[in-house]
Amino acid sequence: MPTNLSARFCTFVLSLFLIAFALPAFAGPFEDAVAKFANDDYSDTEEAIGVVAGSGNKLAFPIISALQDGRLMADSDSKKVYITGADGKSIDAATGEPVASVPDSASAVRLNNRLRRSVDAAIGSLTLQSPDIGTRLQAAQSVFKSHEETALEAVDGALAKETNKSVKAALGDARAAILLFKPDATEVEKLEAVATLKARGDQEALALLTGMGDQPASVTKAAASAISSIQSSLAVWSTVQNAWYGLSLGSVLLLAAIGLAITFGVMGVINMAHGEMVMIGAYTTFVVQEVIRTRYPGLFDYSLLIAVPLAFVVAGAIGVLIERSIIRFLYGRPLETLLATWGLSLVLQQAVRTMFGPTNREVGNPSWMSGAFELGQITITYNRLWILVFTLAVFAILLAMLRYTALGLEMRAVTQNRRMAASMGIATSRVDALTFGLGSGIAGIAGVALSQIDNVSPNLGQSYIIDSFMVVVFGGVGNLWGTLVGAFTLGIANKFLEPVAGAVLGKIAILVLIILFIQKRPRGLFALKGRAVEA
Amino acid sequence: MTPHMLTRSLDRGATIFLLVVAALGVLIPLSNLLLPAGSFLQVPTYLVALWGKYVCYAILALSIDLIWGYCGILSLGHGAFFALGGYAMGMYLMRQIGSRGVYGNPVLPDFMVFLNYSKLPWYWYGFDMFWFAALMVLFVPGLLAFCFGWLAFRSRVTGVYLSIITQAMTYALLLAFFRNDFGFGGNNGLTDFKDILGFNVQAEGTRAALFALSCLALILSFLICRSVVSSKLGKVLIAIRDAESRSRFLGYRVESYKLFVFTLSACMAGVAGALYVPQVGIINPSEFAPGNSIEAVIWVAVGGRGTLVGAALGAVVVNYAKTLFTSGMLAPYWLFMLGALFILVTLLLPKGIVGTFNAWWDQSKEKSVAAASASAAAEDGVTEPKMAE
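Just so you know, the sequences run in chain order A and B.
Quick note on full-length UniProt numbering: the first sequence kicks off at 1 and runs consecutively.
Quick note on full-length UniProt numbering: the second sequence kicks off at 1 and runs consecutively.
Quick caveat, the hints were computed from the structure, so don't treat them as lab data.
Take these hints with a grain of salt, some might be off.
Claimed, not checked - Pairwise CB distance ranges (calculated): (1) A:Asn113 to B:Pro106: 42 to 50 Å; (2) B:Leu220 to A:Leu399: 54 to 62 Å; (3) B:Asp242 to A:Ser238: 50 to 58 Å; (4) B:Asn188 to A:Asp44: 53 to 61 Å; (5) A:Ser228 to B:Val280: 52 to 60 Å; (6) A:Ser229 to B:Ser118: 36 to 44 Å; (7) B:Ser286 to A:Arg353: 17 to 25 Å; (8) A:Arg353 to B:Gly328: 12 to 20 Å; (9) A:Arg353 to B:Ser99: 42 to 50 Å.
Said to hold, decoys possible - Keeping only pairs whose Cα atoms sit at most 20 Å apart, straight-line, the calculated DMTMM-like set for lysine to aspartate or glutamate is: (10) A:Lys520 to B:Glu255; (11) B:Lys351 to A:Glu336; (12) A:Lys507 to B:Asp181; (13) A:Lys79 to A:Glu97; (14) B:Lys232 to B:Asp242.
We put the CB at the ideal spot given by N, CA and C, even for glycine.
The following block holds chain B by itself, in its conformation from the complex (with noise of 0.2 Å):
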């Protein structure tokens, strides 16, 4: 990436985005580490976890946002490869807890002895170290995209059928998850973590630097989703996103186009799950669920499709809501206002919040100029034809 490429690449909105991350990325840890506790501006711990659950919904937001409002590709099952990521991540923090769990084991997991495994599983072999794990993050998730994409792009498998598809892979994973006999803990999943490359996952300065990581995470999803949509390659996107059948008359291999975006997409959700996991101590079935899923696409849909910054404000912003309103006497009320969400915003603001704004913006810069022009018109005297009355 060249530094040409990155400044083409950053509108204001984007700049203001990544300098706000930054910001929190740094002050956030800082506050919580060094001002002392009860004091005004220092971050509690809890928060912190939190706020990091938020930054990895945003980098899973914004890889959905990459493929569907830059190429048109609704996927139900992102959820899936979050989740993938998050269990790449579970396993590698399962084998560091060695021999301290509640069986004293050196290397079976404690549901693998509670369920009398014999030896571990031949694909937990590597867990134990951490480049091996990081780098499961990334392929298992693509390598499960790329297999499915294939598959389904080739055959031209698009618009509702592919949302369904993969809302059947997402379903079918969930359902493979919750068995025991599949070794990775069934119901429970995996939990009771204990320390990350030798950090204690619970303690306050390593939560803090999972935060900032998450923060880089997200400054960097955003880069490379930004350098590929301002690509050449992310015009080719667009164009299939509103003329597939004419893009592929045009020479242009959809497909091939198609895949490499999903797959991309899909690294970045594992990536996502494997940076929330730590944060959040669990990774279960659940997370599978195809609800999670099509949740997350609301969390774009809301910030505005098409936009990246939007999709990552609407991760944040409806999170936020929802923690909100789930822990008062309101939270009978959040699936009511959650499903409003679902209809107000497809009905009502069909651009999202970003896009909504950016369309205002553009339209008061017209009317200024215009106005300017108007007034400059005026100046030199010139003065516009009048219509007949």
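So here's chain A without its partners, still in its complex pose (with noise of 0.2 Å):
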């Protein structure tokens, strides 16, 4: 009995080295394929791309995508094919199993255009299935690009699995696109094609829409009226791209004018330096974010949420010291304001220029105002988002100020008449000091939210002021509404004329407008009336 059951285990030990060893010998057709790569011959090497690919195995990916990177070794001889890594560590393509080395003899595996093409399909209905949702997408969505017929199956296979909507919408789409071009498709086939891609509605599938080629009459008739429909939303669309840069650049231009509203509008000083003020609200922001990252490199998302404050401080007390030192000696002489202050300019600008270089300075976007996200067929960037709220909170703060607070109520009381006022006993040169030093800390805040969408030098403020100026004379002195409304009017005029005339020429004509606008209404928009304009 002892001797029958050792006898026993010695063969199951053994009937297991036997089954152990011999699995190489039982070569299955994944394995027969990728021997076929060592054969050195381009229509072998695409028939195991497609065995490969559809396989199932789990070396199928770095397989193929060793061949499309020229790491796949493949040996003559012997027939073996090996997978070198970036690390230098090589496998056996058959097996998975670790190899000393490489032989001399092996080579890598040789591609050409068409072969290219196949391992591009290939790697997409591979990474069709990866368990990423974003590999996914990204496969799905090369799929829809290359719209190779070899993809079909593994698209119809990932579809079936898919639970993900968008990823499954995206194989859908590339479904669509596969079956418009496969030429024995069935006439319902393509019908529901174009009816997918005409609800796909982008350049993408216009494009595909437009090459098809020959189709069935039918289907040619479906193609047409789906370009003509994608077409007209593409219109929508685009006039909406426009208005959505145009609201941008308005923003942007609402929160370079703003300040200058106040200093100008309330005060009628002419700040040429108020680009500067813009700039060192830039420049606060880059040196906190340094500070940041050296010391605390937890709080960068925090960097803006800190900088605006501090900036406001910065630019707002520089501003009082240049009112008290400065423009105070000028008020009645607005021409004499505005030369004082554009070589105050001159001289902040070197200042900066001197401390932190002639060149831009790195500021960067915290991981919340990083990004874009997709509305319909555009994409709209999270930075300029933010700064579009940004804007609309600061100047819903101003008004609300100018309104409701004390120094709101003298400023405006200023504003109105000057004698009166200080008869009242307002102290009209605190006033003054406060309300320029309000202008200026705003521009501060202006260059904090600027420095994430430009580029931080010492010529920043200077490629703001002339469009600043424009903004607040074509809105209207003195008039903060006014402003807003400039602003947002002349930014998405500015985007609207750019596709016709180009950005330059688009430019010089919004320019040509104002100075003709001025000449109908040499107050703006909305003009003060009465006898202070005369003063």
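Assemble the dimeric complex from its two separately framed chains, guided by the hints.
This is how it looks when you write it as structure tokens:
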């Protein structure tokens, strides 16, 4: 009995060994296909790609991607194929077992352009089943672009298993694209494909539909109607997109001009150094981010929240200083104020250039401001969206401040009638200093926002000064609502002119239009009326 | 201009100024050409070109003073008229290159060949003739100023609004001239000039002649400005500067006066630009930069607005300082100094150098007159009644 048992055991172990060693010998279709890579023949390679990609083997993806990167080594003598990794370690492509070294006789499997397309398609279909949603989505989109007939099976397979809604939609689009170009697809399938693409309705769908070649009459007819419907919807979306860009530009203009509207509008002071206040705000952001980067890296996402009050204080303090030391001696001489503040802007620019260097400084986007999302056919970046929100918030706060606070009341009183206000006991010179400080401070926080979308350099302010003046003059002096309307009108008009006339000509056209507009309404859209105007 | 008008319009300062400019205009070219190189008194050619540039700036400053100092129009876009005059001259000089350009095209300037122009744009026609170009030097800036002024003054755009839209005008031109398809050489502008009226622009003789011509142009511009401001028309201009509404209510057509002087001033700026271009050898869109125009205004402010002599002097002084400071180790501080100049002049020296000097001179003359009359009175044995102590 014991001998019998031990003999049986021996047989079992032996058979185990036998199985273990014999496995490679019982080569399946996958192993056969892998061996074909070693033939160094393009049609064999193509066949191998198809089989490997469809095998479901976990080595399929490493093999194909190694093939794509030229890391798949084949030995034509031993018919062995190896994958060399980026780290220099190699594995046997058929079994996945590590090998000590690839023999010298092995060389990289060669590809031509036709094969490269099949490799791309294979990778597309392989990644269609990846556990990561992002990868799957990307794969579906790449299949949509290549619409290789070979990927149809993989797409169908993935579509059956897919649970995520957006990936599923992308797969559906990919399937439609493949079917549309598949010569032997049925008419019903093609009509369905056209309908799917029509629903997708973007530029790519349009390109597929216009380039689909010879089709049955019914399909061509359906495609023609789909094309016209897509085109009209694209036209609507491009209008929406221009409007959004215009709003975004308008918010930037408003942000830059709103401080100017206070100093110019409320005080009648031409502050040519206004742009430099914006620049100082941007540099404050830079300094805050530098400190955070070196000391408290964890706070980076809060850097802008910290920079906003700081920039307001820094620029505001500089503004008060300027008012006390220069501007107050020049009241009633607006042209001289203009020259003095221009000189000041040169000094401030050069000071910043001396301190921080003449080159652009790196100001980063916090995570909540980077990236974008899609809304229908347009892409909206978070930083632009936040700037729009921020601008409107600043505007609302400023309006409320002018309306409901004591300083706001005093400011309005001084604007309307300086001497009367002084007679009523308002310290007009204090109000002047605070108003100028407020305008400069708001320019400073505009700088924080603009540092997110523009280069932070000593010339930052200069690029905004003329535009800001245009906004204030166009909107009408002494009226914040005018500034709001002016900024958004100019922003939107600019963005609608751009596609027609080009960026530079559009801008020139806007400048000329403003010059003409001022002829018609010399005091802007919303002009103050009354005797104060002539003073 | 009658001799009587001429003498009436010239006071002592103006006479000195004219004599100095005339002397420089004669002596510098002569010393450059006749004296041996390296001699102590010989003015090197690069200095002739440099001072030629200053003289052109002085003409520009005069044109600004005419409208700002006497009519209260602060143009922040006068650099545009200067540059347009310069471009008109530059176009003539480009056409003179002919087939000597890099591409050897007899008609098209190099940049047009480079940008694949098949034929000359229509607005380049006629610029191969000097008389036409010279006419355009006056006509183009004048026309722009006329149209701009006609629109602006008629709708009573004044003060800072006017300043801002003139700035917008030069900014728009800056953007336009930067474009390659605008037909003026884009970013690089017009350069590589060969000759003017058959003379080599690089030659010493030509440079000396250009310098003398610039001085002559300065003298003529000065005389024109002087005769304008000292005529009855000039009195109305000053009235408009000081009380525009009142002048209008007195029955003067304010906008016509403004339009005349603005257009005249633009033509002068155009001439300055036209003389400037052959001397510096290049014209490019950066001449339209709003900063240039504002800088020209500060020359006038430094010298003294409303004095004419001061404007020219200010242009030379500020630009000389610029040359001095931007070349040495002080270069990084030049913008500080220029900025401080803007601030200090407007705060502390609102009348400028010449204006302040004039005020001091008048005051001391009054004092000496008073002292003389006092001493005369003392000799007569008349004592002034004593005040109660």
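These are the hints, each one checked on the structure:
no.	hint	verdict
1	A:Asn113 to B:Pro106: 42 to 50 Å	holds, 49 Å
2	B:Leu220 to A:Leu399: 54 to 62 Å	holds, 56 Å
3	B:Asp242 to A:Ser238: 50 to 58 Å	holds, 55 Å
4	B:Asn188 to A:Asp44: 53 to 61 Å	holds, 59 Å
5	A:Ser228 to B:Val280: 52 to 60 Å	holds, 59 Å
6	A:Ser229 to B:Ser118: 36 to 44 Å	holds, 42 Å
7	B:Ser286 to A:Arg353: 17 to 25 Å	holds, 19 Å
8	A:Arg353 to B:Gly328: 12 to 20 Å	holds, 18 Å
9	A:Arg353 to B:Ser99: 42 to 50 Å	holds, 45 Å
10	A:Lys520 to B:Glu255	holds, 15 Å
11	B:Lys351 to A:Glu336	holds, 11 Å
12	A:Lys507 to B:Asp181	holds, 16 Å
13	A:Lys79 to A:Glu97	holds, 16 Å
14	B:Lys232 to B:Asp242	holds, 15 Å
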